[in-house]
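Single-letter residue listing:
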Amino acid sequence: MSHPTNHRPAGSNVPVFDNTGKMAAIIIGVTAVVAGSVMGAANPFLSNATSSQGAQIDTLFSLFVGIATAIFIIVQGFLLFSIVRFARAPEDEEDGVPLRGNTKLEVFWTAVPALIVVILSVLSYRVLADIERPHPDQMVVEVTGRQYAWEFYYPDYDLKTAELHIPLGRQVLLKITSADVNHAFWVPQMRIKKDAVGGKITTVNITATAPGVYPIVCAELCGAGHAVMRSQVVVEAEPTFQIWVQAQLGAKQRAAAMPPDPKTLGRQLYNQYGCNACHKLADAAAVGVVGPALDGIGSRAADIVPGQSAEEYIRTAIIRPMDFITPNYPPVMPGDYAQRMSQADLEALVQYLLEQK
Amino acid sequence: MTADTVVGTGLVRHGGRKFSDYLIFNTDHKVIGIQYLVLAFVFFLFGGALAGLIRAQLATPDAQLLTGSSYNVTLTLHGTVMIFLWIIPAFVGAANYVVPLMIGANDMAFPRLNAVSFWLLVPGGLLMLVSFAVGGAESGWTAYPPLSVTTPIGQTLWALALQFIGFSSIFGAINFLVTIFNLRAPGMGLTQMPLLAWAVAATSIIILLGTPVLSGALLMLILQRWLGAQFFTPAGGGNPLLWQNLFWFYSHPAVYIMILPGFGIISEVLPIFARKPIFGYKLIAFSSMAIAVFGFLVWAHHMFTSGMDPFLRVPFMVTSMIIAVPTGVKIFSWLATIWAGKLRFTTSMMFGLAFISMFVIGGLSGIFLASVPIDIHVQDTYFVVAHLHYVLFGGSVMSIFAGLYLWFPKITGRMLDERLGRLHFWLTFMGFNLTFFPQHLAGLQGMPRRVYTYPPELWALNLLSSIGAFLMAIAVLPFLYNALRSLVAGKVAGPNPWRAFGLEWTVSSPPPVHNFPTPPVVEGDPYGYGERPLPGTTGVAAPAPGMAGGE
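As they're listed, the protein sequences go chains A and B.
Each residue of the first sequence is one higher than the one before, counting from 1 in our numbering.
Each residue of the second sequence is one higher than the one before, counting from 1 in our numbering.
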C-alpha cells in the first residue's frame, strides 16, 4: 500500500483508559453530581407556584432538573473531553484503537438509565395521585370554553361569570367542557392545565395558595382568536370571595328586576358574547385584534354594504357574518349568534353598536 | 452496453448522466435519491421561509405582520412541510442513494415502485402548495377536529396532499425492507450490514405499520368534511379524541421515522472520522428495533391533558420513559466510539458531534414531557416547541447535513469546500441554540404554542429566538453557494476520499449506472478501522488538503 499505515499494526498497545482519561471521568462525574444537586435544589426554571398542586409539580420538576443536569454534564463532558483529547495530529494517518464493545459497560449503561426512569415514573405517579385526590369540601365550578372566551358557572350559587374567582385554600373542582372546538384551560402560575372537549366533561383540581390575579390562557389551538382567548382567575380569602359572590348575585337580581341603561347593557352583552375577544372597542374596554375594530361603527355602518342601512348592516354582520367580510380580515367569526342570542339581546347589541359614533 | 450506460431515452429511463435524466420517471435508485434530496431541500427552504415569517411576527409582542388565521395557516404549513416534505423525504432520498450501494446491491428491489414513490410525493407537495394558495389549512400539523372540520377548503387539500405523501412513504418502506433483507451482497450477513441499513429497516417497519393508520384517519377527516360524516364531532355522535388516538398512533412512531435514519447516519459518520469501529454494534442495531416496537406503545403521552382515561396515563407514562433507554444506549455507544479515536473534524463530523450534543437535550426534555404531572404544566407550550425542535432540528436536520457532507463527494464526484462548510456549521449551531433554548423558558413561564401575540414580559426570550432564527436563515447561504460551486469547481473526489470502509466507497464517484461492475467482496462489517487494511486502496493518494478540516 502506498499509504503509510492506514490501520493500526497488530499488537500495538495504547492504553484506552489511561490516567488522563480516568481523571477526566472522575472530574466529569463529580461535576455532574454537584451541578445536578445545585440545579435540582435551586431550580431556577420553575418556582413559586400559586396552587398546592403546582407546588408539588414544581418539586417533582426540580428533581427532574437535577437528574437532567447531571446527565447533560456527563454526555457533554465526555464529548468535549474526547474532542480535545482525541483530536488527530495533522500528520497522523493511523487509525484509533479498534474497540468493538464491552459487555459490562453496555449492561451498565442500559441498566442504570432503565433504573432511573423507573424511579422517575414511580415518583411521578405518586405526585399525580396526590394532586388529583378529591377533597371532601370541594367547591365545583363549571367551565365552558368557546371561541374565544371562557365562561364560568357556579352551581352552588346559580351564578355565571366571565372571570374565575376562587377562595384561597379551598379545593375547587373545575368541570370543563367546550361549546365548539377543543380548547385547553391553563393557569400557568398554578401549573394546571386541562383540555376542554365538546361532548365531554374533563376535571381538574385547584387549591390556591396565594391571593392574587393570574392569567387563564387557552393552550389548544382553537382558531383565529386562539392567542387572545384569555381570562383571569382571582384568588381571594374566603370572606372576600363570599362578598364577591353576594355582589354578583345582587347585581344579577337588580338586572332582572330593573334592566340597566342601554349603554351598560350593551357593554355587558358585548363582553358576554365574546365580541371583545376579536373586535377592539374602546367603550367596552375591548382590545381584540382578530376582526376589524368597531370604534365609530355607528357612523360608518351605512356606507359599508350598498343598499344596507347602518342598522341592517350591523344586524347582518352579527347573525350572518360571512355575508360580508371586511377586506384583510379572516373569515372566522362564528356563524351561530342567531341561535345563541335571544332576540332582545341581539336588538340591544345592535342599538348599542349604532350608538358608537 | 456497459455497466455505465443509461437505459432508455424517453420519459422512462434508468440511470442519470444528463440533466434531463433527473426530470423524468427514472428507475435508477441514485437518480431517485437525488430527486428526493433536491425536492426535499427546496421544501426545506420554503418551510424555513415560513419559520422566518413566524419569528418576524413574534419578534415583538404585538406585531401585526401575521395575525389570526394567516398566522395559523403559516404555522400549519411550516410544520407539515418540514415534517412530511423535508425531513422524511430527505432521509428517504439519502437512504435511496446510499443503502443499495452500502449493501452491495445494483438497485432497489422494485425500481419502478421506487420511481412511483417519488412521483407520488410530487403531486403531494404540489397539492400542499395549492392548499396554501386557496387559503390554507389552519389547524396546525396535528389538525385536531372539530377545528379541522370547520375550517375552509384548504384543510381538505391538505388532507389529500398527505394521502399522496403517505402512500409514497408506504411504497418506499416495502421497497427498503425487501431490498435490505434480500439484495445484500453474498457474504453480508445481518450483522455485517451497515447500521444505517438496520435503521432504515426499523424505520420501514414503523412506516408499514403506522402510516396506513394515518391514511385511514385522513380519509375519515375527508369524509367528514365532504360528506358530512360525524366521526369526530360530538353533536353527531362522534368523538374528538378518536382523531387524537388515530393521529398519534401514527405520529408518535413518525417521530422515530424522523430520527432513526439520523441515528443510522451518525453511526456511519463517527467511525469514519474517529477512525474506529462503531462501539456496541449489536446493541445499537437491537435498540433501533426496540424503538420500532416501543414507538407504538407511547402515543397517548400526547394526550395526557385531553381527558383520556386517567388510569391509562400511567402505563403510557412508563412506556414513554422506558423508550428513553434504547436512545440513551445509542448516545453512550457513540461516545465510546469517539473515545480513544483519531478524530478528524470535517464538517460532516462536526454536524455528527453536534447531533449527539443537541439530541441529548431534546431527549432529556422528552423525559420531562413523559412525566404526567410535569406534562400537565408544559403540554402545548413553547417547552414542547423547544423539545421537538431539539429533536427534529438538533437531531434529524443535523444528521441530514452530516450525511450530505459525507456523501456529497460520492454522489457528485466533487468535494465540498470545508471552510464554507465550517461557516455553515457554526452559524447553524449558534443560531439553532439561540432560537430554541430560550423557548424552554418561555413555555415554562406561560407561553402557549401557536399564538401570534404574547404578554410583554416574554419579549426578551422571544427576541432572542427571532435573532437566532435570522442566523439560521443566513447559515443556509454558504451551504447553497458551496453545493452549487462545488458541483462544477470542487476538487475531484475519487472513489474513497475519506478512506472509509463500506461498499459504497469501493466504486467510482459518482458510481456507475449499475453500481457494481464486478460483484462486491464483503470482508466484514464496514467498521474495520484499525483492524484490517482498506480494500482496494492501492494507489489511492493521501487525502486532498481541502478535506482535512478543523486543523
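Since the hints were derived computationally from the structure, they do not count as laboratory data.
Some hints here could point you the wrong way.
[Said to hold, decoys possible] Here are the computed distance ranges between Cβ atoms for each label pair: (1) A:Gln232 to B:Ala235: 28 to 38 Å; (2) A:Thr264 to B:Ala235: 31 to 41 Å; (3) A:Val305 to B:Val130: 30 to 40 Å; (4) A:Gln351 to B:Ile153: 30 to 40 Å; (5) B:Leu45 to A:Ile325: 42 to 52 Å; (6) B:Ala63 to A:Glu163: 34 to 44 Å; (7) A:Glu142 to B:Val178: 54 to 64 Å; (8) B:Leu45 to A:Asp336: 38 to 48 Å.
[As the list claims (entries may be wrong)] From chain B, some residues computed to sit far from chain A (all C-beta separations above 12 Å): (9) Leu120; (10) Pro123; (11) Ala133; (12) Pro152; (13) Met289; (14) Phe332; (15) Thr337; (16) Gly443; (17) Gly490; (18) Gly528; (19) Tyr529.
By construction, the Cβ of each residue, glycine as well, lies at the ideal position given by its N, Cα and C atoms.
Hints, verified against the model:
no.	hint	in the structure
1	A:Gln232 to B:Ala235: 28 to 38 Å	holds (30 Å)
2	A:Thr264 to B:Ala235: 31 to 41 Å	holds (35 Å)
3	A:Val305 to B:Val130: 30 to 40 Å	holds (31 Å)
4	A:Gln351 to B:Ile153: 30 to 40 Å	holds (37 Å)
5	B:Leu45 to A:Ile325: 42 to 52 Å	violated (32 Å)
6	B:Ala63 to A:Glu163: 34 to 44 Å	violated (27 Å)
7	A:Glu142 to B:Val178: 54 to 64 Å	holds (57 Å)
8	B:Leu45 to A:Asp336: 38 to 48 Å	holds (41 Å)
9	Leu120	holds (29 Å)
10	Pro123	holds (28 Å)
11	Ala133	holds (16 Å)
12	Pro152	violated (7 Å)
13	Met289	holds (14 Å)
14	Phe332	violated (4 Å)
15	Thr337	violated (8 Å)
16	Gly443	violated (9 Å)
17	Gly490	holds (22 Å)
18	Gly528	violated (8 Å)
19	Tyr529	violated (4 Å)
The earlier numbered hints that this structure contradicts are 5, 6, 12, 14, 15, 16, 18 and 19.
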